[in-house]
Each structure stands twice: as C-alpha cells, then as structure tokens.
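Asks: Please arrange chain H on chain L, whose structure you already have, making use of the hints.
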Amino acid sequence: MVSIRLDKVTKRFGKVVAVNNVNLEIEDGKLYVLLGPSGGGKTTTLYLIAGIYKPTSGRIYFNEKDVTDLTPAERNVGLVFQNYALYPHMKVYDNIAFPLRLRKEPKSKIDSKVHEVAKFLRIENLLDRYPHQLSGGQQQRVALARALVKEPSVLLLDEPLSNLDALLRVYIRAELKRMQQDLGITSVYVTHDQSEALAIADKIVVINKGIIQQEGTPEQIYENPRNVFVATFIGNPPMNIVKGAVLEDGTIETTGSRLTPPPAVLEKIKRLKLKNILMAFRPENAVVSEHPMEGRFSPMGDLFEVEPLGRDAVVTVTVGEFVIKVVMPTKEAMQLRIGSKVYVNIDPNTIKYFDPNTELNLEYIEA
Amino acid sequence: MMPETTDVETINRRRMNLALGIVVLIASIPILVTYFILMASSFANQMITGSMVGQLTFTLRNWILFFEGKLTVASAAVYSAWDILRYILNTFIVAFGVMLVTTALATMAGYACSRMKFKGRKFLIQLLILLHAFPGVSLIIAVYALYIFSKEPIPSQWWTLYAFIYVIVARAALEIPMDIWIMKGFFDKVPWEVEWSALIDGASRIKVWKDIILPLVKPGIAAVAIFSFIAGWGALIYVLVFLPPTEKTLATYIAGLLAGGSLEVVHLPVVAAAGTLYLLPTLVFFSFVRRYMLQTSLSGIKG
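Sequences listed follow chains L and H, in order.
When we follow the working numbering, the leftmost residue of the first sequence carries the number 146, and every step to the right adds one.
When we follow the working numbering, the leftmost residue of the second sequence carries the number 3, and every step to the right adds one.
Isolated chain L (complex conformation) (with noise of 0.2 Å):
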C-alpha cells in the first residue's frame, strides 16, 4: 500500500528544464496517468519516480518516507519501457526470475512465482522463447511479468502500448485497467494518446513544458478543461477555440453572431475587465445545418470538408478566421453540400470562456 508525494521537484538537464516545480500527490491504489505532447516532461516524472533520475531539487517520498535518495531497487518498483528493454540474450523465464535471482530467493521460491505471473499474463508456454521470437504484444505481456513478479509497491509504465498495432492496443489496454484494478498496485502511466488516458485513467495528470497543467479526473478533464492547452489537447477531435469580442451591453461577438453568456461568466469578465474572449466547445456540442436552430448559438460559416467515419461524420466548417470540427450522424451529414453556405449551431450551455491572456478557463479563476 504506497501512496506517492512529489514534492517541489525539478528537473534540469543542462539549461533546459524538464520538470518544473511539480506537486503532485498519487492515492495508493489508484491509476494515474500523465499525459501530455512528447518533450512535455511526462516520461522525465516518471523516470523521478522511478529512480533512475534525481531531482535537481525537491522531495519525493513514497508514504511518509523520503526515497529521494535511494537507488531504484531501494524503491522497489516495476517499470515497463515503451520498447520493453528485455534482455535479448536471456529467455523469457530468465528474463522473468532475473530480479528474484538477483535478490537471491531459493531456487524453488522462483520457479513458483515465475509460473504464477506467467500464468497470470497468460504466457506459460512462452517461457522457454527469445525475446525475439515474441510478438510484440507477448514481449509486452513478458515486460510486465517482469515487472511484476518481485511485488513491486509502485507499477510505472512508461508508453506501454505504443508500440503495438491499434486493435491490440485497445484490447491490451483493456486488460491493463483489468489487471491494475485486481492487483490494486499503485500505478503511473505515461502516455501521448488522450483516448488510452481517458480510457483507463482514474486520475489523469496532463503535462506540459515541464508544469502540471490539470489534474483530475478523466469526466473533470474532458468536461472542464483548465486552460486553453487542455481544451485543445483532450477530446478527438478537440475543443474548438473562437475568439469573440465583449461589448458595452454585455454581449459577446463573433463573426457577425451574438450570445449572451451566462451571468455568473458576464460578471467575471467584468472583474477581469476582459475586452475579448475565448470559447470553447466540444465538436459533439454543435450540429451543422443549413438553417440557424432555435435556443442555440449559431455563427455562420462555408462548409469545408466532411470525412464520415461510419456512424458519425467530421464536418469541418470555416467560419471567419476560425476552423470548426463538429461531429455528427453521417445521414445528416451527408445532405449538407460542400462549399454551401451552414450554420454551427452550438449548445450555449456546453459553452467554456478563457482569458485570452492567460487562458485559463474562467470557471478555474477564483472569484
């Protein structure tokens, strides 16, 4: 039963700072996924974590103890690399006994627990192959077993499925979430793929340039992006972004339409003494059509493209400036004609309001 603290941690290589001042505090038990772009310091928190780097300055501790200073073995963690990082030259028993042999376990102890991990993962027959004669969902199922089998307090994976196909991409990740939730281990999972964050997150943790940008829940962060980079790193595709102007009589303009925000958003606007603002809207949010629709915002624009993805169809429509994605059932996409002139009908409720200077998400501005 771990639970992990981060406590004022940075990271610098050279003059480039990889984590930057994060607190971040991980339940025990529970699925954690950090997410963000690549470069963003996702991986560098993990391998803090884990050990294999030391923080320039800050505290970590796992519980109430402060492993900042101990070697990763100390830490007792498992870590399972995007490319898997067996060992090529062992089988996959070896690969799998080599952290009990290392701890000097008796020979029959190992055997027993090898079996049983291997069984767990479903690869028994396996364990007499190379590495390199697994596919790469079984060099996977291997790396975890690896990972496994010395009862770590915290499971670390690191891009875990990136380097399989799609299909069995959802499948294992699916098998994952299934694993972590019966093992109940304290888990921390790094990837790029907003859909496998949503998917299997308790807690999702977005990073990027080196700062923890939101943390919450997968509903939290898809419902009530913090700021303008999450609104348009979540969600496929993301939030549309508009930019319309504050007007005397409290109205918001954009592109030749008007809406009157909510109250509660007029006032903040006023307190911040905002000029212009940005809104945000999920492409399921807004149905494209050749007529405005009653009790719903709708800017007008030329309709550009539409890609039917079998049930639902991605309308792109350029309104103004500002390009538009809104998903909607394929039947009524089809009708529309391409280069016609449409309306966005939005749903003002699903509406989100950002600070174009610091884009933060006004509901996140203490009042």
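Hints were generated in silico from the structure; no laboratory data involved.
The structure presented is a predicted model; accordingly, all values stated were derived computationally and were not measured.
Beta carbons: idealized from backbone N, C-alpha and C, even for Gly.
Treat the hints with caution; some may be incorrect.
To give an idea of the chain L side of the interface with chain H (calculated C-beta under 10 Å), a few residues [said to hold, decoys possible]:
(1) Pro182
(2) Gly196
(3) Lys199
(4) Thr213
(5) Leu231
(6) Lys295
(7) Leu301
(8) Pro363
(9) Tyr367
Replies: Below, chain H alone, put in the same frame as chain L:
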C-alpha cells in the same frame, strides 16, 4: 518467351549476388594466387614459378626440415626442433597476450566512453582516433627508453619475462585506441532502457555490465579480439626490439630468414612452410570467432 518481370525498384537478387561474387572473386585473385603459391610451394620440391610447373613433385620434406630447424637440405641444423616449437609458443604467448590485454581494456574503456559522464570525455574520444593514426614505429625510441629505465630495478633473471610483458603491453597500447572506438560503437547501440531495467531489478552497475551489457556486445568483443590477435601474431618491430635475440616469434624468425643475405643459403620452400604455418592460426581463429561477429543478439529489442 516472356521475359522474367521484375519490379522497377528491386534489383534481381540472384543476379546481384552473382555480380557481387564475381567482383569479389576478381578482387581476391592476387591474394588467392599468392597464398596458393606459398602453400603449394611448401609441399613442393622447389618454389613454384610459372615456367617449371611440369617439373614439380609433391613432398613433405620442407615441413620436416622446418621442424628439424634445418634451412637447407645439406646443412646441419641451425636451429633445433625445440627452437622452432619455442618460437611457435612465443608467437602464441604474444598474440594471446596482446589479445587479452587489448580486449579487456577496450571493453571496459569503451563502456566508459559510451555510458559515463566525466570531464574531457569528448576530447578523449576524438583523441582516440588521432592516437590510432600515430604509427607505432615513430614511438619506438621513447618506448625503448621507457623499457630500459623500467628494466633497471628488476633482477636480471626476470628480464626475459619482463620483456614479454613489455612487448605485450606496448603492442596492445597501439591497438587499444581504435578498439575502444569500436567497442564504444557497440555499447552505444545497447538501449539505455535495458540497463535501467536491470538497475531497477536490483542489479549493481558492475553486475549490469557483466550480465546484461557484455552478452549484448559479443560481436564487438569478437571483432576486437580477432583484430588484436592478428596484431599480436604479426607483431614484428616491437618483438624484434624488446625480446632478447634468442626469443623469436614466427614473424621475426621468418623475417630473419629472409633478411641479411641468408636468402642465398636457405631453401625457399622451407620458408614457404614456415609462412604457411604462420598463416594457419589466424585462419582457424577467424573462422572460430566469425560466428560471434555475425551474431545479432540485439534483434530482440523492438522500437
């Protein structure tokens, strides 16, 4: 008949292989011919030259004479059979000595150059190439001076032993820079993750190096081993300078036979036998190590 169709961008494999084979064969003709003449002459009654092919007869006499230490049919033994055996043994001692010292040091230093951070690392790596370009002969006076100074405090009955050690170390020193470079290349190819993984599993840095990294750079070790073995086996100048005149290796023995007017005295097919014998271990050793050189044990890592 329809011509065989091939994709535009792919060259016919078979034809390609055939062409390559022919080119390699043509390029090898001078080497193959000289080796053939050498080896065949050692089993003939006289040196093979173009005009007298018809008069040749097969004989083992050259080999017998060689191992008896006789250089011509008529002469009494210049060297005894024991001398010849000792020269062969000496050659092996120097060759394996150079190989062991070079391989051990290059493997360790290569790892350090590839993986460890220390001051002047970059400069050192550049210097290695420069050191390799330095001809060993140009250093011989300084190396000899060092030898004389360092020999001084050692009791004279140990001098022969010391000379062997000195030759091995000095000759290895010439090989090491390039071999460090070669080993560094092999270590560079091992992903950091494999090393980290073993560290996380609880292995010490030394243990990781020994049990995880070394098996992965076997081809590099094999390459370095064979290069340094050949260097030690063929070492001439350093052996000539440092070993006492009574302690010869095959290289200095053959060189001695050919040098200084003795050419008129020796029976050349005997020298051919010596030359053939001199070639053999290199070939055997190479075919033994080649297996490891081609082993691609890194193929198990995806990504």
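Asks: Hint by hint, which ones does the structure fall short of?
Replies: 1, 3, 4, 8 and 9
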